[in-house]
Structures are given as C-alpha cells and as structure tokens.
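Here the protein sequences line up with chains D and H, keeping their order.
Under the working numbering, residue 253 is the last one in the first sequence; the count climbs by one each step, no gaps.
Under the working numbering, residue 933 is the last one in the second sequence; the count climbs by one each step, no gaps.
Mixed in with the good hints, there may be bad ones.
Stated by the list, open to error - Quick list of simulated restraints, FRET-style, between CB atoms:
{"no.": "1", "chain 1": "H", "residue 1": "Lys767", "chain 2": "D", "residue 2": "Val60", "range": "42 to 50 Å"}
{"no.": "2", "chain 1": "D", "residue 1": "His108", "chain 2": "H", "residue 2": "Ser805", "range": "23 to 31 Å"}
{"no.": "3", "chain 1": "D", "residue 1": "Phe37", "chain 2": "H", "residue 2": "Gly924", "range": "54 to 62 Å"}
{"no.": "4", "chain 1": "H", "residue 1": "Lys912", "chain 2": "D", "residue 2": "Leu70", "range": "52 to 60 Å"}
{"no.": "5", "chain 1": "H", "residue 1": "Ser805", "chain 2": "D", "residue 2": "Thr50", "range": "47 to 55 Å"}
{"no.": "6", "chain 1": "H", "residue 1": "Ser805", "chain 2": "D", "residue 2": "Lys86", "range": "38 to 46 Å"}
I should point out that these hints are in silico values taken from the structure, not numbers from a laboratory.
Beta carbons are placed, not taken as given, at the ideal position from N, Cα and C, and that holds for glycine.
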Amino acid sequence: MPAAEPKYESKPGWWITKQIGERLGLHDYFNYNDFSEVIDWQLKQMGTSLEEMKKIGVKEYPRKSGPLYLGEGEEFKFNTSTGKVELYSVDLADEGFDAMPVYKAHPEPPQNFYRLIYGRAPMHTFSRTSNNPNLWDLMSENAVWVNPKVADLWGLKKDQEVWLKNQDGAITTFPVKVRVTERIRWDSVYMVHGFGHSDKKLSRAFGRGASDEELITNIAVDPIMGGTGMRGNFITFLKENPATERKEDKA
Amino acid sequence: MAIDTKKCVGCGDCVVACQTENNVPHGYCRDWIVERVDGTYPSLSLEFRSERCNHCDNSPCVRCCPTGASHKAEGGIVLVTHHKCIGCGACIQSCPYDARYPHPEGYVDKCTFCIHRVEKGQKTACVDVCPTHCLHFGDLDDPNSDVSLALKDRKWKVLAPEAGTKPQLYFLT
Chain D
3 MPAAEPKYES KPGWWITKQI GERLGLHDYF NYNDFSEVID WQLKQMGTSL EEMKKIGVKE
63 YPRKSGPLYL GEGEEFKFNT STGKVELYSV DLADEGFDAM PVYKAHPEPP QNFYRLIYGR
123 APMHTFSRTS NNPNLWDLMS ENAVWVNPKV ADLWGLKKDQ EVWLKNQDGA ITTFPVKVRV
183 TERIRWDSVY MVHGFGHSDK KLSRAFGRGA SDEELITNIA VDPIMGGTGM RGNFITFLKE
243 NPATERKEDK A
Chain H
761 MAIDTKKCVG CGDCVVACQT ENNVPHGYCR DWIVERVDGT YPSLSLEFRS ERCNHCDNSP
821 CVRCCPTGAS HKAEGGIVLV THHKCIGCGA CIQSCPYDAR YPHPEGYVDK CTFCIHRVEK
881 GQKTACVDVC PTHCLHFGDL DDPNSDVSLA LKDRKWKVLA PEAGTKPQLY FLT
C-alpha cells in the first residue's frame with residue numbers, strides 16, 4: 003500500500019529480492035506473489051490480519067509482563083552483580099578492565115597532518131542519495147573544511163582542489179574542494195561522508211568530491227564493548243595530482 | 761511568513777518540496793538556504809535561513825513590470841501571470857532579494873506562497889515538510905494565526921530593510 007505511486011521503473015525491495023532469489027533457484031523461499039501475503043501471514047501469527055489492520059491501524063494487546071513502570075517505593079533489583087545501578091562496575095574489574103572510565107590521551111596528529119572528522123549533511127542519507135537529481139541540486143559534492151589559519155599556512159584558497167593523503171599513505175581517488183571556514187578547529191579537517199563515487203553509472207555523482215572511506219584505514223576498537231572509532235585518522239594535503247606524479251615516475 | 765533561524769538546520773527539505781510541488785525545473789529554485797557564520801573559532805555564531813520571495817508590501821518588481829504580469833494578489837501575495845510576462849527581466853534586476861529566476865519557457869518565476877494550496881486551506885509545501893517546524897505561515901492581520909503567534913514573543917529581523925520594500929518574511933533570531 004504505497005503512500006505515493008512508484009515512478010518510472012522503480013520496484014519495491016521485496017520484488018527485487020524475489021526476482022534475484024528465483025533466478026538463483028531459491029523459489030521455495032519466495033513462496034508468494036505479493037509481499038502483502040507475507041505481512042498478512044505475520045499479522046495472523048499475532049491474532050490479527052492485514053485486512054483488520056488496514057481498518058483499525060493500531061491494535062493494542064494487554065501486557066503480559068506486568069506494569070511498564072515501577073510503583074512508588076517498589077523494591078527493584080537491576081540485572082547487575084550488585085543489583086544496583088553500577089557507576090563502579092564490579093564485573094568489569096573482575097575481567098581486568100577499568101571499573102570506572104580512566105582518561106587515556108588520544109593520539110595527536112603528526113606534524114603537517116590533521117585529524118579527519120567525517121559527518122553527514124542534512125540533505126543526504128549516507129552515500130545512497132548523492133545521485134538523486136533534487137538532492138544533487140542541493141549538494142553535488144563534498145568539500146574539505148579547513149580552518150583559515152591552516153589555509154594560510156598551506157596557501158589554500160576557497161574551492162581549490164586538493165587530494166588528501168592519510169598517515170598510512172592512502173590517497174583519495176578524486177580531488178576535493180577546499181572550504182575555508184571557522185566552523186572547524188585548526189588541528190582537524192571535516193568532510194561530509196558519501197561522495198567521491200567511482201561508478202560511472204552514477205551519472206551525476208561520479209567523481210564528485212572525495213570519499214572519506216578511502217582515508218579511514220585505522221579503526222580503533224574499544225577493548226571493553228567492541229565499539230569502533232574511525233576518527234583516529236590523520237590527513238595531509240596534496241596540491242598536485244598524485245596520479246600524474248605516479249605516471250611520471252613510471253615513464 | 762516567519763522563519764525560526766534557531767530551529768532551521770539548513771537541510772533544504774523546503775527547497776526540494778517547493779521544486780516538486782511547483783514543477784521547478786532542475787537547476788532553479790524558488791526558495792533556498794543561506795548559512796551565515798560569524799566570529800572566529802571557538803566563539804562562533806551560526807545562522808541558517810530558509811529564504812524566498814519576501815512578498816514585499818512596497819514591491820519594486822510589481823512597480824517596474826511593463827506588462828502588469830507582476831502583481832499583488834488579494835492578501836498581499838506577489839505573483840507573476842505567466843502568459844502576460846514577456847521575460848524582460850526588469851523585476852529580476854529590481855528585486856533586492858534575488859528571489860526571481862528566468863524560467864526556461866520564457867517567463868519569470870518565483871515563490872507564490874503556494875497560493876494554489878493556501879486557497880484550499882492547506883499549508884505551503886515548504887511549511888508542510890519542514891522537519892524542525894521552523895516555518896510559520898499565515899495572515900499577519902489575524903492575531904491568532906501561526907505567524908502572528910510565532911512573532912509575538914520573539915525577537916525578529918527582516919532582510920535588507922534599507923531597501924525600503926517592506927518585506928514580509930520575518931526571521932526569528
């Protein structure tokens with residue numbers, strides 16, 4: 003039940019998956035003609051149906067696990083070894099970790115390098131909307147944000163194209179324009195994620211801006227909970243096209 | 761219309777909504793985002809503004825139009841009658857807000873405050889889609905309209921007041 007009729011040749015995700023599945027000989031896993039049959043089956047497991055949900059929209063069931071909130075003065079034990087909210091974690095101490103967070107200085111960029119911060123632009127969703135005509139109109143490429151002090155130091159001008167090289171020698175495939183702005187501190191640069199596409203079939207987005215992913219070769223992993231940190235990479239600027247240099251070397 | 765610069769994040773949803781609603785050709789727009797940064801790091805102020813035609817009370821574009829295509833509709837909305845417009849561009853030159861563009865089909869186009877929607881009691885497309893609800897539209901003569909209520913307790917400014925056009929876009933600061 004799409005809210006808007008699909009335009010041109012766009013197909014629903016389930017349809018594409020089913021077509022691929024059937025071509026791989028996996029007919030048994032796609033035993034339906036329309037995904038509404040699957041939704042109907044799922045709803046029937048819960049004691050309702052697609053037909054009913056289309057009419058009522060929301061269906062409430064009585065809670066089986068008691069009230070949602072604690073009553074006043076009610077005894078409660080948290081699921082920790084002390085049964086309390088743990089600011090000091092006995093479990094982490096037992097495992098040999100810091101029981102409370104201990105500050106550890108993070109690595110600083112080497113001389114002439116800057117911390118690479120990446121982020122999102124509000125008009126784009128990751129890298130998948132960069133070829134959308136309307137959103138391309140709004141933002142067709144990313145820029146590397148550089149503090150005016152850094153720009154002065156390097157002689158970088160607004161909209162000048164540079165290539166970026168990280169601490170491990172990784173270089174962006176495409177150049178990226180410089181944006182000189184006070185919105186970034188002088189030990190860091192910033193890029194919007196989702197640009198620098200290398201597929202020519204992305205007719206608008208191809209080669210527009212640079213990809214931050216190419217520069218994220220160092221990934222920090224939190225030893226306690228496994229969370230990843232990808233803002234520990236440092237970049238420097240290349241004002242000349244590194245590809246031509248490489249060709250000259252060969253010749 | 762009142763635009764809350766403290767709420768706007770500059771996403772451009774208003775721009776795309778307008779382009780889609782009004783069939784604005786690619787590469788043109790009737791509304792746009794301005795980002796203004798003041799100060800030096802780390803003492804910075806940042807302002808996002810969703811801008812469009814100011815529907816000025818004293819509109820130079822209406823005054824300078826040789827054919828009467830640019831006119832003020834009942835209620836104060838400044839409009840262009842496309843079939844009367846010869847595309848001379850005098851209005852584009854006269855507008856202190858650069859709010860008009862030459863449509864590839866030969867006439868001048870601009871924000872209509874979505875009059876076709878407003879007449880049906882709907883909100884303008886940009887107001888309708890704004891994810892931060894930073895746009896307030898309505899009748900400034902009605903003290904209970906969205907726009908009047910938004911302006912009541914807030915400081916606001918207009919753009920280029922020195923142009924003397926009595927602009928009707930109010931930016932809440």
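Checked hints:
1. H:Lys767 to D:Val60: 42 to 50 Å: Violated, since Lys767 of chain H and Val60 of chain D (Cβ atoms, about 30 Å apart) do not stay within the stated range.
2. D:His108 to H:Ser805: 23 to 31 Å: With Cβ atoms ~28 Å apart, the hint holds.
3. D:Phe37 to H:Gly924: 54 to 62 Å: Holds, since Phe37 of chain D and Gly924 of chain H (Cβ atoms, about 60 Å apart) stay within the stated range.
4. H:Lys912 to D:Leu70: 52 to 60 Å: 39 Å, violated
5. H:Ser805 to D:Thr50: 47 to 55 Å: 52 Å, holds
6. H:Ser805 to D:Lys86: 38 to 46 Å: Cβ of Ser805 of chain H to Cβ of Lys86 of chain D: about 44 Å, so the range 38 to 46 Å holds.
The earlier numbered hints that this structure contradicts are 1, 4.
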